[in-house]
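J.: Residue-level listing of the chains:
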Amino acid sequence: MRMRTIVTIMILSLLILSSLTAQVAIKGETVYTMSGAPITNGVVLIKGNKIERVGPASQVQIPNGYKILSGKVVTPGLVDAHSVVGLAGMLNQTHDQMQLEKSEPMQPELRAIDAYNAREALVEWLRNMGVTALHTGHGPGALASGTTIVVKTVGGTINEALIDSGMVAFTLGESVSQNFRSPGTSAKSVAMIRTEFLKTQDYLKRKGNKDPEKRPAIDLKMEMLARVLSGQTKVLFTAQKATDIMSALRLAKEFGFKMVLDGAAEAYLVMDEIKKAGIPVILHPTMVRPGGDTRNVSMETAAALQKKGIPFAIQSGYEGYVPKTRLVLYEAAIAASNGLSFQEALASITIGAARIIGVDKRVGSLEPGKDGDVAVFDGDPFEYTSHVCGVVVNGQVVSETCR
Amino acid sequence: MHQRRLWIFLFLIIVTSLAFAQEIPQVFRGATVYPIDGEPIQDGTLIVQGGKVVALGKTGSVAVPSNAVIHDVKGKVLMPGLVDTHSHIGDGSGGDRSNALHPDVRILDAIDVRSKGFRKALAGGITTVNVMPGSGHLMSGQTAYLKIRPANTIYDMLFCSDPVNGICGGMKMANGTNSIGEKPFPGTRAKSAALVRQLFLKAQDYQVKVKSAAGNPDKMPKRELEMEALVQVLEGKRVVHHHTHRHDDIMTVLRLAKEFGFRVVLQHVSEAWKVAKEIAEAGVPASIILIDSPGGKLETTDIRNENGVELDRAGALVGFHTDDGITDSRLFLRMAALAVRAGMSRTKALEGMTIAGAKMLDLGDRVGSLTPGKDADFLVLSGDPFSVYTHVEQTWVEGNKMFDRANPEDHEMAVGGYDVFRRSLYLDACEGGAE
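Top to bottom, those sequences are chains H and F. To convert, note that position 335 of the first sequence is 335 in the numbering used here; the numbers rise steadily by one, no gaps. Heads up, the numbering used here is the position in the second sequence plus 1000, with the first residue counted as 1.
Each hint should be verified, as a subset may be incorrect.
Computed Cβ-Cβ distance ranges for the label pairs, DEER-style [what the hints assert, rightly or not]: (1) GLY48(H) / ASP1072(F): 42 to 50 Å; (2) LYS307(H) / TYR1389(F): 13 to 21 Å; (3) TYR1389(F) / ARG119(H): 30 to 38 Å; (4) MET271(H) / ASP1112(F): 28 to 36 Å; (5) ASP1302(F) / LEU204(H): 51 to 59 Å; (6) LYS308(H) / ASN1407(F): 21 to 29 Å; (7) PRO1040(F) / LYS307(H): 35 to 43 Å; (8) LYS1074(F) / SER341(H): 43 to 51 Å; (9) ARG1422(F) / GLN59(H): 30 to 38 Å; (10) GLU160(H) / ARG1197(F): 51 to 59 Å; (11) ALA57(H) / ASP1302(F): 40 to 48 Å; (12) GLU160(H) / LYS1277(F): 41 to 49 Å.
Treat the hints as calculated values from the structure; they're not laboratory data. Ideal Cβ positions, reconstructed from N, Cα and C, are used throughout, including at glycine.
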């Protein structure tokens, strides 16, 4: 009796597992693989949770039993290079706003995995709109607000959603001074960051002491900054104004940490410096409101970065009020109507974004062996009048409704 | 001082040269024209003169005056200037926190005509705008209907001729959580309605006293600014623009409008899809806002972009607004595309951006369509009005080119850049709780 129950359960689980990882074929009049030229009348085959084959319909036979999705345009699942969704929620109430701890300005030890709500309504909304991977975590607004994560927009828990560790989120700018009594100025902010890194260097030195008695007690903050100094973890440095961008570049050089520049509203003023530093940019949402640190924002910065040959992605960013997230698809669309080509704009929210957040081996393009993450559209994805009509994440069809 | 003189001098030069240019007919030939009062015209010819639309028709079917300046706009799209029924541009403010009801307060006393907000609006194709006071009151004050003309003072932008005693705008009201707060603000929805009813009852009394005085100055009640404005509302001369989100709050507005017989335009109407039939049956127009991403305000969690199509299906008049800085004036046209995405017809969406809004501001005979005799407010678009790739190339107001994307300064206004929005309203509006 017991044995039979166990066998039944095993068979049932196998059945459930196989239905979850059903084989899917996605047909598109145009398939933007982002790993080569677009394919006219293309097919993407997904087996299990990985892409099996990609090619023109004339060369790729859809085997029997594959579930078929089709649409005018097929793209990789969209990758949002920087968000706070999952820590920040739709309702904008105390209980769903966990993106910024204001007790101290420097808390790199705060981990996004301890705060990410995989069932947040905004995660579901983004997923249904074609966003399949999300670099999210503590937001801008503190000198160091926490450590970010990369998740898929599926799963009921952080463990199911998580695909990679992220970066330590740093910020310079007015927003920091608004959240804390000190630092009250940009110069003080830089001094405080330098002091913490000097402390970390000392911590590391003491940690290396041969005499265990003389080693320091484990300090979470120092441990995280030590990871930054050793190059194990990158810094996601939010700096909008040219002066703050320059400070961030100077700090990276002084302490030798690896950095991704975030926000960068005035990047167009210091293009040569960013290029010379060889640092990629996760650009602010194109439609960010021109106020505060972003008052000098331009819709043409994405095109300027492209022209300069600086690797960049377009993010959804952080929003304090209405709306509570943005969709990178729409943000890239505005960049596409302001000097960026269609393919370049699409790259900034797929493969380009995946590279900068370090998950391009798994997501961002439609290639055999990569995750089965696909978005299907009934027209030009950048047009408001087009709809997202299908979304596949890890080989599972998560939405078939046109929205 | 010297700079100020120079500014005025330049302004006068511009105005006189514009006035001179007005007399020569201008012809815009070859574009696809959306006149709004009729079917789109392929290869159309639009003739404007003296700040008015003189003629519109298929190229060849309209007589072109021999002295006309010809603008070749082949491949472009022409449509009327957009009407934004609810905006906070102009760096103005309305009632303060001393009271929840400020019918006496006029936004026109506080608008800065040099605010960059107006130039941003032009960059987005907006030519007529209802600038609202507020937010955060049951009644934030009197709104101002403005035409974005070249302006040295507020008088250059008004539609009305008498800024002191005339009707120069509507009356901004709000309900729901927007106007709830510490005393003297109401703490609940029912209290909100009671405060409004009490004030309107008082206004009805005042109205009776004025009527029974029958023009006799000795019998007239003492002048009261609050009452005078509310009598205009009761007489249907001043339209109420009512911020409202939830279905039950929408019903409260309809109930108040019926009780006191005032004319109202519903603004935002986030849950319109739940009570579209009731709105249409009440004959009340709705100006909606559509956003491309969700969240941020608890009361609007149930907002749907289907509001446009649902209201239209039910038979209500549907317009749109930016609520700038909630949405960006420069991207206003994209709202029509969002409405179409959610099922609204292209025709109705374009009407919503133009003539429907004009009607809601009682300006339907002046603006909102390219009907001969109406103001020559129109846009030259690079392509389809609903496409993200389309730019507003030129914005013309009463026959004057007020925005030209080919001009580097105007281009910067459209896309942003260093110090472009030094005195922009965006942040002020957000901090002031505009919604």
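J.: So, for every hint listed, does it hold in this structure?
T.: Here is how each hint holds up against the structure:
About 59 Å separates the C-beta atoms of GLY48(H) and ASP1072(F), a value inconsistent with the hinted range of 42 to 50 Å. Separated by about 19 Å at the C-beta atoms, LYS307(H) and TYR1389(F) satisfy the suggested range of 13 to 21 Å. Checking the proposed 30 to 38 Å range against TYR1389(F) and ARG119(H) shows it holds: the Cβ atoms sit about 37 Å from each other. The hinted range of 28 to 36 Å is satisfied by MET271(H) and ASP1112(F), whose Cβ atoms lie roughly 34 Å apart.
For ASP1302(F) paired with LEU204(H), a C-beta distance near 53 Å keeps the hint of 51 to 59 Å intact. Checking the proposed 21 to 29 Å range against LYS308(H) and ASN1407(F) shows it holds: the Cβ atoms sit about 26 Å from each other. Restraint check, PRO1040(F) to LYS307(H): a C-beta distance of roughly 37 Å satisfies the suggested window 35 to 43 Å. For LYS1074(F) and SER341(H), the Cβ-Cβ distance of about 25 Å falls outside the hinted range of 43 to 51 Å, so the restraint is violated.
ARG1422(F) and GLN59(H) have their C-beta atoms about 57 Å apart, which leaves the hinted 30 to 38 Å range violated. Hint check: GLU160(H) to ARG1197(F), Cβ distance near 54 Å, so the stated range 51 to 59 Å holds. Under the hint 40 to 48 Å, the C-beta atoms of ALA57(H) and ASP1302(F), about 42 Å apart, fit the expected range. The hinted range of 41 to 49 Å is satisfied by GLU160(H) and LYS1277(F), whose Cβ atoms lie roughly 43 Å apart.
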